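Chemist: Below are the chains, spelled out letter by letter.
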Amino acid sequence: AQSVTQLDSHVSVSEGTPVLLRCNYSSSYSPSLFWYVQHPNKGLQLLLKYTSAATLVKGINGFEAEFKKSETSFHLTKPSAHMSDAAEYFCVVSPGLYSGAGSYQLTFGKGTKLSVIP
Amino acid sequence: NAGVTQTPKFQVLKTGQSMTLQCAQDMNHEYMSWYRQDPGMGLRLIHYSVGAGITDQGEVPNGYNVSRSTTEDFPLRLLSAAPSQTSVYFCASTNQGSTRGGYTFGSGTRLTVV
Chain S
1 AQSVTQLDSH
11 VSVSEGTPVL
21 LRCNYSSSYS
31 PSLFWYVQHP
41 NKGLQLLLKY
51 TSAATLVKGI
61 NGFEAEFKKS
71 ETSFHLTKPS
81 AHMSDAAEYF
91 CVVSPGLYSG
101 AGSYQLTFGK
111 GTKLSVIP
Chain A
1001 NAGVTQTPKF
1011 QVLKTGQSMT
1021 LQCAQDMNHE
1031 YMSWYRQDPG
1041 MGLRLIHYSV
1051 GAGITDQGEV
1061 PNGYNVSRST
1071 TEDFPLRLLS
1081 AAPSQTSVYF
1091 CASTNQGSTR
1101 GGYTFGSGTR
1111 LTVV
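Here the protein sequences come in this chain order: S and A. When we follow the numbering used here, the leftmost residue of the first sequence carries the number 1, and every step to the right adds one. When we follow the numbering used here, the leftmost residue of the second sequence carries the number 1001, and every step to the right adds one.
Think of the hints as simulated: they come from the structure by calculation, not from any bench. None of the values given here were measured: they were computed from a predicted structure. A few of these clues could be false.
Claimed, not checked - DEER-style ranges, computed between Cβ atoms:
1) A/Pro1075 <-> S/Lys58: 16 to 24 Å
2) S/Pro18 <-> A/Ser1067: 41 to 49 Å
3) S/Ile60 <-> A/Gln1022: 45 to 53 Å
4) A/Ser1018 <-> S/Lys69: 41 to 49 Å
5) A/Gly1040 <-> S/Ile117: 19 to 27 Å
6) S/Ser80 <-> A/Gly1053: 44 to 52 Å
7) A/Thr1070 <-> S/Ser80: 44 to 52 Å
Stated by the list, open to error - DSS-like mimics (lysine-lysine), calculated; alpha carbons at most 25 Å apart, straight line:
8) A/Lys1009 <-> S/Lys110
9) S/Lys113 <-> S/Lys58
10) S/Lys49 <-> S/Lys68
11) S/Lys42 <-> A/Lys1009
12) S/Lys69 <-> S/Lys110
13) A/Lys1009 <-> S/Lys113
Every residue gets a Cβ at the ideal spot worked out from N, C-alpha and C, and that includes glycine.
Use the sequences and the hints to build the structure in full.
Modeler: Written out as structure tokens, the structure is:
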């Protein structure tokens, strides 16, 4: 069984300040972890992914995340928020791409809505 | 452009009506899935398929049917629509050997059942 907890349902930051979106996960396998972003009334866009290579993962638009197995965390960060970052962010876990048919199943967190104040 | 195509983008149904949400991908992905998104719930898996002719249930399968006759297409059928099925539906695909990374999502179908 696997689960994802996004610790904040809403985060508000000022433009130009750092962003931290927190995610804890639980998985019976060596997981793959993803962050997706969804802008209002849009589909989901992959920001970055961790699949058992480097624990510090760099994504698009200046975002990065660090996989910490001991803390079962995969927090998303960005040094300086931009107005265009305002969106909803989803942390997602999969059991791992090489764990059989069930490995394809994604489990989503409930989302964190990021607001950026000018 | 390569990707996942969902149709229609919007649909309004009356309670008890049936309909099919279409999903097609042109990336030769073996795995396809359907999710529904409800406010504050994230996305929840409805059904998935690991290849043509193979489907299985996800977390919230009741009221939905799927089939996978080709690699490209994975339609989702609502047999008798209920207001509880009002949601945004996303189709996604991936391939174990893909170098693209992650899963590719369609742009969604917003369904309202009245």
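Chemist: For every hint, state whether the structure bears it out.
Modeler: Status of the hints after comparison with the structure:
1. For A/Pro1075 and S/Lys58, the hinted distance range of 16 to 24 Å is not satisfied, since their beta carbons lie about 37 Å from each other.
2. Distance hint for S/Pro18 and A/Ser1067: a CB-CB separation of about 47 Å, consistent with the stated range 41 to 49 Å.
3. Remark: the range hint 45 to 53 Å for S/Ile60 to A/Gln1022 is contradicted by a beta-carbon distance near 29 Å.
4. Between A/Ser1018 and S/Lys69 the CB atoms are about 46 Å apart, so this pair conforms to the stated range of 41 to 49 Å.
5. Between A/Gly1040 and S/Ile117 the beta carbons are some 23 Å apart, a value that agrees with the proposed interval 19 to 27 Å.
6. Separation of S/Ser80 from A/Gly1053 is about 49 Å and conforms to the stated range, judged on CB atoms against 44 to 52 Å.
7. Checked against the given bound of 44 to 52 Å, the beta carbons of A/Thr1070 and S/Ser80, roughly 46 Å apart, stay inside it.
8. Between A/Lys1009 and S/Lys110 the alpha-carbon distance is near 23 Å, which keeps this suggested pair within the 25 Å criterion.
9. Taking the CA atoms of S/Lys113 and S/Lys58, the gap is about 21 Å. The hint holds against a cut of 25 Å.
10. Between S/Lys49 and S/Lys68 the alpha-carbon distance is near 14 Å, which keeps this suggested pair within the 25 Å criterion.
11. Only pairs whose Cα atoms come within 25 Å are accepted, and S/Lys42 paired with A/Lys1009 is accepted, the gap being roughly 11 Å.
12. A threshold of 25 Å between alpha carbons decides the hint, and for S/Lys69 with S/Lys110 the separation of about 21 Å falls inside it, so the pair holds.
13. The suggested pairing of A/Lys1009 with S/Lys113 holds, with an alpha-carbon distance near 23 Å, which does not exceed 25 Å.
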